[in-house]
Amino acid sequence: MARRVSIFVTCVIDQMFPQVGLAMADVLERAGCEIDFREAQTCCGQPAFNTGYRDEARQVAKHFAAVFNDAETIVVPSGSCAAMIGHHFAELFDTGESPFHGRVFEFSQFLTDVLGVEDFGARCDAVATYHDSCHSLRELKIKSGPRKLLAQVRGLELREMDAVEECCGFGGTFSVKFANVSGAMARTKIDAIIKTGADTLISADSSCLMQMRGALSRAGSSVRTMHLAEVLASR
Amino acid sequence: MPDAYKQQIKDTVGDPRLQIAIYNNTGRLVENRKSVVSTEALPGYQGLRDQGHAIKKHTLDHLDHYLELAEKNITARGGKVVYARDSAEACEWIAQLAEKRGVKLLVKSKSMTTEEIELNHALEKRGVEAVETDLGEYILQLNDEKPYHIIAPALHKTRFDVADIFERKLGGAREVVPEKQTQIARRVLREKFLAAGIGVTGANFVVADSGAVVVVENEGNARITSSAPKIHIAVAGLEKLIPRAQDLAVFLKLLARSATGQPLSVYTSFLSPPKRSNEQDGPEEFYLLFLDNGRTRLLADEGKRESLYCIRCGACLNHCPVYRKIGGHSYPWVYSGPIGAIITPQFMGLAKDPWLPYASSLCGACAEVCPVKIDIPKHLLTLRHEVTEMRTREGQNRLEKLAFRLWSYAMRHPRLYESLGKLAAGAAPNPANEAWIKKLPSLLHRGPVAAWLSERDLPPSPAKSFREQWRERQERRHNA
Numbered sequence: 116m117a118r119r120v121s122i123f124v125t126c127v128i129d130q131m132f133p134q135v136g137l138a139m140a141d142v143l144e145r146a147g148c149e150i151d152f153r154e155a156q157t158c159c160g161q162p163a164f165n166t167g168y169r170d171e172a173r174q175v176a177k178h179f180a181a182v183f184n185d186a187e188t189i190v191v192p193s194g195s196c197a198a199m200i201g202h203h204f205a206e207l208f209d210t211g212e213s214p215f216h217g218r219v220f221e222f223s224q225f226l227t228d229v230l231g232v233e234d235f236g237a238r239c240d241a242v243a244t245y246h247d248s249c250h251s252l253r254e255l256k257i258k259s260g261p262r263k264l265l266a267q268v269r270g271l272e273l274r275e276m277d278a279v280e281e282c283c284g285f286g287g288t289f290s291v292k293f294a295n296v297s298g299a300m301a302r303t304k305i306d307a308i309i310k311t312g313a314d315t316l317i318s319a320d321s322s323c324l325m326q327m328r329g330a331l332s333r334a335g336s337s338v339r340t341m342h343l344a345e346v347l348a349s350r
Numbered sequence: 504m505p506d507a508y509k510q511q512i513k514d515t516v517g518d519p520r521l522q523i524a525i526y527n528n529t530g531r532l533v534e535n536r537k538s539v540v541s542t543e544a545l546p547g548y549q550g551l552r553d554q555g556h557a558i559k560k561h562t563l564d565h566l567d568h569y570l571e572l573a574e575k576n577i578t579a580r581g582g583k584v585v586y587a588r589d590s591a592e593a594c595e596w597i598a599q600l601a602e603k604r605g606v607k608l609l610v611k612s613k614s615m616t617t618e619e620i621e622l623n624h625a626l627e628k629r630g631v632e633a634v635e636t637d638l639g640e641y642i643l644q645l646n647d648e649k650p651y652h653i654i655a656p657a658l659h660k661t662r663f664d665v666a667d668i669f670e671r672k673l674g675g676a677r678e679v680v681p682e683k684q685t686q687i688a689r690r691v692l693r694e695k696f697l698a699a700g701i702g703v704t705g706a707n708f709v710v711a712d713s714g715a716v717v718v719v720e721n722e723g724n725a726r727i728t729s730s731a732p733k734i735h736i737a738v739a740g741l742e743k744l745i746p747r748a749q750d751l752a753v754f755l756k757l758l759a760r761s762a763t764g765q766p767l768s769v770y771t772s773f774l775s776p777p778k779r780s781n782e783q784d785g786p787e788e789f790y791l792l793f794l795d796n797g798r799t800r801l802l803a804d805e806g807k808r809e810s811l812y813c814i815r816c817g818a819c820l821n822h823c824p825v826y827r828k829i830g831g832h833s834y835p836w837v838y839s840g841p842i843g844a845i846i847t848p849q850f851m852g853l854a855k856d857p858w859l860p861y862a863s864s865l866c867g868a869c870a871e872v873c874p875v876k877i878d879i880p881k882h883l884l885t886l887r888h889e890v891t892e893m894r895t896r897e898g899q900n901r902l903e904k905l906a907f908r909l910w911s912y913a914m915r916h917p918r919l920y921e922s923l924g925k926l927a928a929g930a931a932p933n934p935a936n937e938a939w940i941k942k943l944p945s946l947l948h949r950g951p952v953a954a955w956l957s958e959r960d961l962p963p964s965p966a967k968s969f970r971e972q973w974r975e976r977q978e979r980r981h982n983a
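Chains as they are written, first to last, in the working numbering: chain A, 116 to 350; chain B, 504 to 983.
It should be emphasised that the hints constitute simulated quantities derived from the structure, not laboratory data.
A hint or two may mislead.
Said to hold, decoys possible - Ranges of calculated distance between the beta carbons of each label pair, as one might list FRET restraints:
1) A:238 with B:518: 32 to 40 Å
2) A:209 with B:544: 38 to 46 Å
3) A:306 with B:602: 54 to 62 Å
4) A:279 with B:627: 44 to 52 Å
The C-beta atom is built at its ideal place from N, Cα and C for all residues, glycine as well.
Hey, can you work out the whole structure from these sequences and the hints?
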């Protein structure tokens, strides 16, 4: 029987990068999952939580909790939102543990750790470099999984960049509250990306990708950005 | 956020020479640390962090007990323990002692706590000359600057900057070779050591069960500061206590490794002054000045108490991508970087610099390297919450509060969320460039979109959201 997976596509992907959500659904279906997309979903509340507006964040988190209350497995194409739901909901609801702890997974984590599948028969002709997004890396301890997945992609050569674990500078409202600092951080990051000679930047968080893509574009670079799900869905 | 800090940040980010100095110097410390905390170099490193955290927790949870024990042991061997509520009290006490003993010259070794209380300026006003004897601190004192970094105060200075400062302040030939510069400083400072009536050091640790003061350094100047003058004053924050000498087996392994990547600092001094009757050297009088200055306020807050566990290694600064861009002088207090961003508002009160907890991308690199496992991002988030509560009470954030309330409302009403999304997508530029924002009324030029575009481009807005495309996808499948 197909495994039923509820997807939370995140507000950023829903509104800005819908192709990532579709790619994630394709990959999950290819792995034999049955997709459940709940239309009432919106955001996890992180923007308000990280800015200090906990009441407003809690209301949104409660909405999320109502929508996904009975979901057995929730897969999220963002380490940041997955960490918000799996970890920080505990602080908002003042419970020892998030009610979603253990049933919410970042996309790559679900593939490697839960399904145990690394090869999705993808083909993507690219010289690529992979950015560890901070929340995937440090809150969810995701490091080798995405690289294992990328190693199975035909036509893809992966080159590690310098200071790969350094933040891209996005940081939610930080990116506009301290725009010049955030921009300087992004430029340091894209220098490292460009230095690898890669033509494609891959990450598993669309917000980080939006930041680096914006900086690459501003610098006149032709390096393209792809979410890990898009790479794995490529044929 | 005060304009002065905005300007300081802008100037630092926009100064390529300074950017290279900060990035390379912190980068070197990052690499050094990495090589000595690796599993091969120090197999028990993660366990040591847990132990360090546990010992600090225990000590601060029982601070009253350990303060009394330390005082008893120090008093028993002829030293004296003094408590100062704040900077003013601490400086006043030291100034009065200098006056009573007729001391006009005092030498100091590197100590963040004395920077915190701004001892040098206070003494200067009372006619006492205080001379920094750590090379970095000495360079900055000559140039009248605050430390740029907790362990590397002159991190932002190149040897050419130092040559300029020495030439201007000390005269003599311009010297750009670091070894020669050190000799110049040494010549000046030797005379000061010999003439000084009081030596002031900090304390990396105060060991309660013996009353010993432990000072960790690389230059040997703290040794001379604590032994040559007739009077030694050690200034320590209340949180510097540890229960037993054995606990140093944990902290000394962590401190230098985290700070500079050395297995151990060049000098680790265990000081038990004053000198005994059968001893030749050492100070005749010893005072341990315990400073509160906001620490007990933080101690009362159990949720955030762990900020006091900090052993001032500076690793969080070196690993902080924000510190590495804005540098040490963009922070309002002597404590910079992630640890500064949490302890400044906690020691000084939230109202003073409410912007500070926001100066972080919450990347978590600080917590990952903290030798005593202080969860800095968690405290930044808590402080942000406290700041918004305070600003809401005082009506300082009406627009932002309203924006988040409306946002929260929309996020709880999926249909409204979808309609607003469509509206925004319709207004968004395609292709994205900076020009379109200039067509909007000038009021919006200050908004978040303008702030975003000041540094980066925005991706073109998709024609249809995920949910719209998902519906179509399901419909196609249904019909197929």
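Do the hints match the structure? See the list:
1. Taking 32 to 40 Å as the suggested C-beta distance range, the pair residue 238 of chain A and residue 518 of chain B does not conform, at roughly 46 Å.
2. For residue 209 of chain A and residue 544 of chain B, the Cβ-Cβ distance of about 41 Å falls inside the hinted range of 38 to 46 Å, so the restraint holds.
3. For the pair residue 306 of chain A and residue 602 of chain B, the supplied restraint of 54 to 62 Å holds, since their beta-carbon distance comes to about 56 Å.
4. For the pair residue 279 of chain A and residue 627 of chain B, the beta carbons lie near 48 Å from each other, so the given range of 44 to 52 Å is met.
Violated hints amount to a single one, hint 1; each of the other numbered hints is respected by the structure.
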